[in-house]
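Novice: Based on the sequences and whatever the hints tell you, model everything.
There are 2 protein chains.
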Amino acid sequence: MLRTVWFEDGKVKLIDQTKLPQQEIIAQYDDYKEVARAIVDMEVRGAPAIGVTAALGIALGICKLVSLENLKKDFLTITETFAKTRPTAVNLFWAINRMRAVFEKEVNSDISHIKQSLLDEALKIAEEDILINQSIGNYGAKLLRDGETVLTHCNAGALATVAYGTALGVIRAAIAEGKNIKVIADETRPLLQGARLTCWELEKDGIDVTLITDSMAGYLMKEKKIDKVIVGADRIAANGDTANKIGTYSVAVLAKANNIPFYIAAPISTIDLSINDGSKIPIEQRNADEVRFIDGLLVAPKDVKVKNPAFDVTENELISGIITEKGVARAPYRQSIKKITGG
Amino acid sequence: MLRTVWFEDGKVKLIDQTKLPQQEIIAQYDDYKEVARAIVDMEVRGAPAIGVTAALGIALGICKLVSLENLKKDFLTITETFAKTRPTAVNLFWAINRMRAVFEKEVNSDISHIKQSLLDEALKIAEEDILINQSIGNYGAKLLRDGETVLTHCNAGALATVAYGTALGVIRAAIAEGKNIKVIADETRPLLQGARLTCWELEKDGIDVTLITDSMAGYLMKEKKIDKVIVGADRIAANGDTANKIGTYSVAVLAKANNIPFYIAAPISTIDLSINDGSKIPIEQRNADEVRFIDGLLVAPKDVKVKNPAFDVTENELISGIITEKGVARAPYRQSIKKITGG
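Going line by line, the protein sequences match chains A and B. Our numbering puts the first residue of the first sequence at 1, with every later residue one more than the last. Our numbering puts the first residue of the second sequence at 1, with every later residue one more than the last.
Since the hints were made in silico from the structure, they are not lab data. Keep in mind the model is a prediction, meaning the values are calculated, not measured. Misleading hints may appear alongside valid ones.
Repeated chains share a single entry, so a pair holds when one copy, or any two copies, can fit it.
Here are the computed lysine-lysine pairs in the DSS-like style, where the Cα-Cα straight-line distance is at most 27 Å [said to hold, decoys possible]:
| hint | residue 1 | residue 2 |
| --- | --- | --- |
| 1 | K280 | K222 |
| 2 | K280 | K256 |
| 3 | K84 | K105 |
| 4 | K124 | K11 |
| 5 | K225 | K305 |
| 6 | K84 | K305 |
| 7 | K19 | K307 |
| 8 | K307 | K204 |
| 9 | K305 | K222 |
| 10 | K326 | K19 |
| 11 | K73 | K224 |
| 12 | K19 | K302 |
| 13 | K182 | K204 |
Specialist: Structure (structure tokens):
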């Protein structure tokens with residue numbers, strides 16, 4: 001099984017996703033600051049993968065400490081470094097909170113025990129992620145019929161998680177059940193995660209995938225070439241409003257206009273009950289050159305003004321269901337989300 | 001004024017739009033086959049510009065004939081070469097028909113008169129195009145208020161016409177009236193006409209333009225950053241259904257969902273009364289490598305399956321008005337189009 005991020009030989013190792021599909025390079029970091037930078041630079045991306053990578057990075061940071069005089073302060077510095085990497089994906093903060101809870105519980109133990117406890121927790125978060133994705137896949141697979149074609153946006157696959165994927169985990173589970181499922185992948189400008197990552201990992205698994213530009217999704221829906229839409233999520237508010245990669249809102253509006261079911265697939269750690277609705281979710285604005293350039297190639301006048309929001313919010317009324325590891329939440333979402341999160 | 005295509009020194013000259021914005025190169029052709037190839041390769045594109053270029057190319061082809069033994073056959077060969085270049089933009093066939101009408105009228109004249117008549121007609125089509133665009137601009141400018149921001153898709157500017165533009169002509173006319181108008185340009189994958197051409201020509205004119213990826217238009221509409229949408233057209237059916245660059249339909253659906261007026265700006269030559277509704281408009285499917293590559297740079301697994309429709313159809317109920325040189329047609333379109341075309 002394709003694995004995105006792991007801990008080995010005292011290092012955090014990850015597939016450098018900025019190099020795919022041309023090069024399959026394993027980046028290896030023994031400094032937590034480099035792990036944080038890798039998240040900022042999107043060598044690793046995808047809400048669940050960001051959470052796991054931050055947990056492993058925090059464990060790495062603590063394990064490498066030589067002086068333990070300022071342990072509490074160092075823990076704070078390390079976790080704050082990760083908290084500043086990406087503002088939208090809530091799984092990041094969820095993972096940091098899990099690491100903090102272990103730290104606070106063990107803070108008076110001897111240092112080797114603290115180090116081991118933090119590493120164990122990070123590894124547990126990683127292993128849980130795989131099981132969660134398989135469970136999301138099993139619930140989601142029931143929503144797909146043999147012969148259907150699914151549109152997905154960005155990459156909510158193995159590469160966005162530790163392994164298996166959320167939206168693509170649903171595809172994998174449906175295929176494992178013996179269903180014939182085809183995928184249409186939005187290329188997902190500006191960073192082309194659909195073209196570079198989704199196509200790559202689906203082809204690797206022998207899954208039928210067709211690449212389109214983001215502007216073609218509406219046309220194909222109207223032509224009845226798309227039966228379902230499944231995407232991931234970076235943060236889900238208490239009412240079901242969902243932040244995901246820029247362009248997701250457009251896909252959802254087009255799906256509704258064409259009577260095509262639109263599903264979110266995400267772990268419960270993506271749900272942020274402290275956020276009442278989508279308007280409160282912080283939206284990361286990224287560098288203008290991500291739009292002006294593609295892989296170093298200038299595609300516009302070099303000083304042209306640019307907007308580059310990394311995410312948008314899809315309102316709950318556009319969402320047919322939120323597929324989680326505990327089942328599929330449906331409208332009215334405030335109640336179903338409360339139930340599914342045990343709130 | 002920026003001029004896209006013209007006839008000079010016995011040659012058809014045009015700005016090679018595949019090289020913009022990095023290089024401003026004037027391509028010069030004295031063989032009509034090269035002019036036809038330039039249309040296929042999109043060195044010149046945009047429905048009105050394609051029509052004018054074909055007319056100039058036909059005049060060039062006839063002017064260069066040395067033997068006139070098979071004049072009728074040669075004329076047919078030349079016009080058929082142009083008819084095969086791009087299937088969707090109807091202005092191409094409209095221009096060919098105008099050239100054919102002159103040829104049939106003059107076919108029994110002496111040869112130098114035939115040559116001159118065809119060249120005169122092509123030059124007339126070109127000059128008319130500029131006046132038509134200015135008239136479209138004047139009608140359209142009335143629809144824009146001071147301080148508004150207009151989203152446009154692809155390039156319906158000076159570069160899509162002989163000069164001035166259709167959708168961008170409306171912007172230019174509104175600014176000439178003293179209104180402060182800002183433009184947001186969809187980059188328009190796969191061939192990036194928005195990023196490469198619209199941004200370039202608006203910056204050249206000192207017009208405020210901001211570049212976004214196609215996936216960001218919906219987000220900005222919801223954030224109330226867009227007041228109006230104006231785009232061009234490649235073919236308009238008798239009921240107002242409009243074929244335009246792929247992604248236009250998506251923009252129209254998003255505009256409707258966000259209560260934003262969505263206008264088409266196009267000359268009457270873009271209207272095809274022989275087509276009853278949009279479902280009958282032929283949609284050009286282009287090479288898969290336009291999606292897999294960006295300016296020669298591979299952005300996906302190299303053999304990934306691709307769909308690459310060059311256009312889509314926006315149904316009349318999504319269109320707030322069609323701005324022509326004879327005024328603005330509004331719903332019900334079958335009647336208003338009949339009236340405006342004098343049908």
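Novice: Now tell me if each hint is right for this structure.
Specialist: How the hints compare with the structure:
| no. | hint | result |
| --- | --- | --- |
| 1 | K280 / K222 | between (33 Å within a copy, 14 Å between copies) |
| 2 | K280 / K256 | both (24 Å within a copy, 24 Å between copies) |
| 3 | K84 / K105 | within (24 Å within a copy, 75 Å between copies) |
| 4 | K124 / K11 | within (16 Å within a copy, 72 Å between copies) |
| 5 | K225 / K305 | between (36 Å within a copy, 15 Å between copies) |
| 6 | K84 / K305 | within (26 Å within a copy, 38 Å between copies) |
| 7 | K19 / K307 | both (24 Å within a copy, 24 Å between copies) |
| 8 | K307 / K204 | between (34 Å within a copy, 20 Å between copies) |
| 9 | K305 / K222 | between (33 Å within a copy, 20 Å between copies) |
| 10 | K326 / K19 | neither (34 Å within a copy, 53 Å between copies) |
| 11 | K73 / K224 | neither (57 Å within a copy, 44 Å between copies) |
| 12 | K19 / K302 | both (24 Å within a copy, 14 Å between copies) |
| 13 | K182 / K204 | within (14 Å within a copy, 45 Å between copies) |
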